[in-house]
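Student: So the sequences go chain by chain: A and B. Sequential numbering from 1 applies to the first sequence in the working numbering. Sequential numbering from 1 applies to the second sequence in the working numbering.
One thing to keep in mind: the hints can contain errors.
Said to hold, decoys possible - List time: in silico DSBU-like cross-link candidates among lysine-lysine, alpha-carbon distance up to 35 Å:
| id | chain 1 | residue 1 | chain 2 | residue 2 |
| --- | --- | --- | --- | --- |
| 1 | B | 195 | A | 17 |
| 2 | A | 191 | B | 188 |
| 3 | B | 195 | A | 218 |
| 4 | A | 219 | B | 195 |
| 5 | B | 195 | A | 120 |
| 6 | A | 253 | A | 333 |
Hint data in this document are derived by calculation from the structure and do not stem from the laboratory. None of these values were measured; they are calculated from a predicted model.
If you want the building blocks of each chain, they are given just below.
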Amino acid sequence: MKVTLDGVTKIFPPHSKKESPVTAVSNFNLEIPDGKLVALLGPSGCGKSTLLNIICGLESPTSGSVLFDQNDVTKLPPEKRGVGMVFQNYALYPHMSARKNILFPLGNLKGKAKLTKEEKNRRMLDAARIVQIENLLERKPGNMSGGQQQRVAIARALVKYPGILLLDEPLSNLDARLRLETREEIRRIQKNTGITTVFVTHDQEEAMSISDIIVLMKKGVFQQSGKPQNVYDNPANLFVAKFLGTPAINVFKGKIENAKVFIGDEPVADVPGCENRDVYVGIRPEGLIPDKNGPLTCSFKSIDVLGRDYMIVASHGAAETSVIRAITDSENKIEDNPETVRFSFKKNKFFVFDAKTEERIYLG
Amino acid sequence: MKKFGLKAWLYLLPAILFLVVFMVYPLIDVVIYSFEEGFTTTSQTATGVGIGNFSTVLRDPYFIQALKNTFVLVAITVPVSTGLALLISLGLSSIKKLREFFQTVYFLPYVTNTLAVGLVFMMLFNKNESSGSVGMINTFIRFFGGPTIDFINGPYWAKMLVLCLYTVWIVLPFKILILTSALASVKKDYYNAAKVDGTSKFRTFTHITLPMISPMLFYLFITGFIGAFKAYSDAVALFGTKLNEAGMNTIVGYVYDKLYGDSGGYPSYASAAALILFFIILTITVINLIVRNKLTYKGGGGRA
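Given these sequences and hints, build the entire structure.
Tutor: Written out as structure tokens, the structure reads:
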């Protein structure tokens, strides 16, 4: 099912007279194509969970509308929307076995939709098979690991054949190893079922690694969406550039003057036809290449060997952070413990942003 | 462990002393008394040892009356008060406005003197022909054209009704307090999950809310049973100390009566009655615990 958000805004009223109302989601427009795995990505408190709840129907938007395919579902309660939801803490009923938990949504079907016992069991087993927990069906949630509980929760959401599967921070309660395993698992389940899936995360690596589309938001405002690699390669603003990628992008204060980009006082690139102004220059770690004749001079700090690659840690007076990092393969050798190290750039890893608006300035 | 043995016992000593003097010794004494036949406070000697006290007590019509009253009281007030408390708590947890106000209101009886409440109940249900004062309830009945009833000195069922109402009124606040906090402790996500799945309100209540608060419900049942079996002051507050004559005595009232009341001076009979009460409560509690272990979900447990 296709999901369209049209100008969705959510303003929470203040709890007391002293507080002011909180705008959790602001004029959000988004189209989620059918059958894709979509990540809602942003820092904590940016309104991504609220947005998920609005799609689910647990929250209603203050203004704007939510469309599933062509149907406006803004006013529909969650049970009429045909969505499956997996909560951050799974919300498995602790007094029921996995089997009963998965069967529970089917027991709500009434009238024509009512299922026979055999049909219920068949669907329950199908769902259990998809998430591979057939051997855990008699266990209660308290006797399962976090990852197993997660699978039961997904099975419970899938068993009623929802048009959309929603997952709120699905990996945040798992330890590091399980997290890797489970995110592949979510990918696999989504591929097998072909169900439109939206999940919320604050972990950019998680979002980039498994989703077809990532949607970045900040303080309730849409930033950018697209295929993970495209967004990474073409950040629309400084926030997106900084949020994606580990190690993070190196950001320098600079300016454009006389058709040249300056980092600090050093001219580093020619940009014909650009107006003079203050800018931020962002360079991905893999975009900095050690080069004796490079335009950017930094003080050398250390070298970390990462196996195939190595990382040069250096510092620069105009950098936003105390250290800047460059990742390069071992062919670009530098001498041992130099005073300074000079870099040149890969053009497609070099971005300029307006200092005031933080929007990308596209260079000619 | 061994190293701290002596010190530990020293710390425990005050508590142990108090328990031995005021709990263990009297308990043993009660058992001894109950088997000493013919012992009275005036004679101070026993004529023999046996189960005579028990058979005397069990044949005493006043004891039978007290036993019956106690069982009626337990059978009516425990389910009614717990059910009512659950309804009120559900109501309280589903309102937002004035919730704290109502919580305070419902808690007030708990901090009110039981005798004062008894007095109020007496006045409400009063029908004193000689003084001509008629309580509010009888005024109501008269207003709707019914015959007035003497709830305090009248027929047995009328008095029992007042006693039950009074007991429910007295125990309700504590149960409401426990159940509202139990309801509040059920995580909202469970309700959200149920809502997304289109679960009806009734099914949500029976399949999610009830099992989640069942440990607390059983706690209330068990303590409620024990409390109701030990009822005494409630009856005194309503009907005065001459409970045998009023036919409103309870087992604990009977015990008191055999010790210090009008038919007092027989600690052996009192002890025997007290032991009988003990075994009744023990049996009921064991049954309760067995049922609880079968029915309730045990929170937490296992790996998280």
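Student: Determine for every hint whether it applies to the structure shown.
Tutor: Hints, verified against the model:
1. Between residue 195(B) and residue 17(A) the CA atoms are separated by roughly 31 Å; this keeps the pair inside 35 Å, and the hint holds.
2. This hinted pair checks out: residue 191(A) and residue 188(B) have alpha carbons roughly 31 Å apart, not beyond 35 Å.
3. Pair hint residue 195(B) plus residue 218(A) holds up; C-alpha atoms about 29 Å apart against a cutoff of 35 Å.
4. In summary, the hint linking residue 219(A) to residue 195(B) is supported, as the alpha carbons are separated by about 28 Å, within the 35 Å threshold.
5. Restraint check: the Cα-Cα separation between residue 195(B) and residue 120(A) comes to about 20 Å, which is no more than 35 Å; the hinted pair holds.
6. Simply put, residue 253(A) and residue 333(A) have alpha-carbon atoms about 28 Å apart, close enough for the 35 Å limit, and the pair holds.
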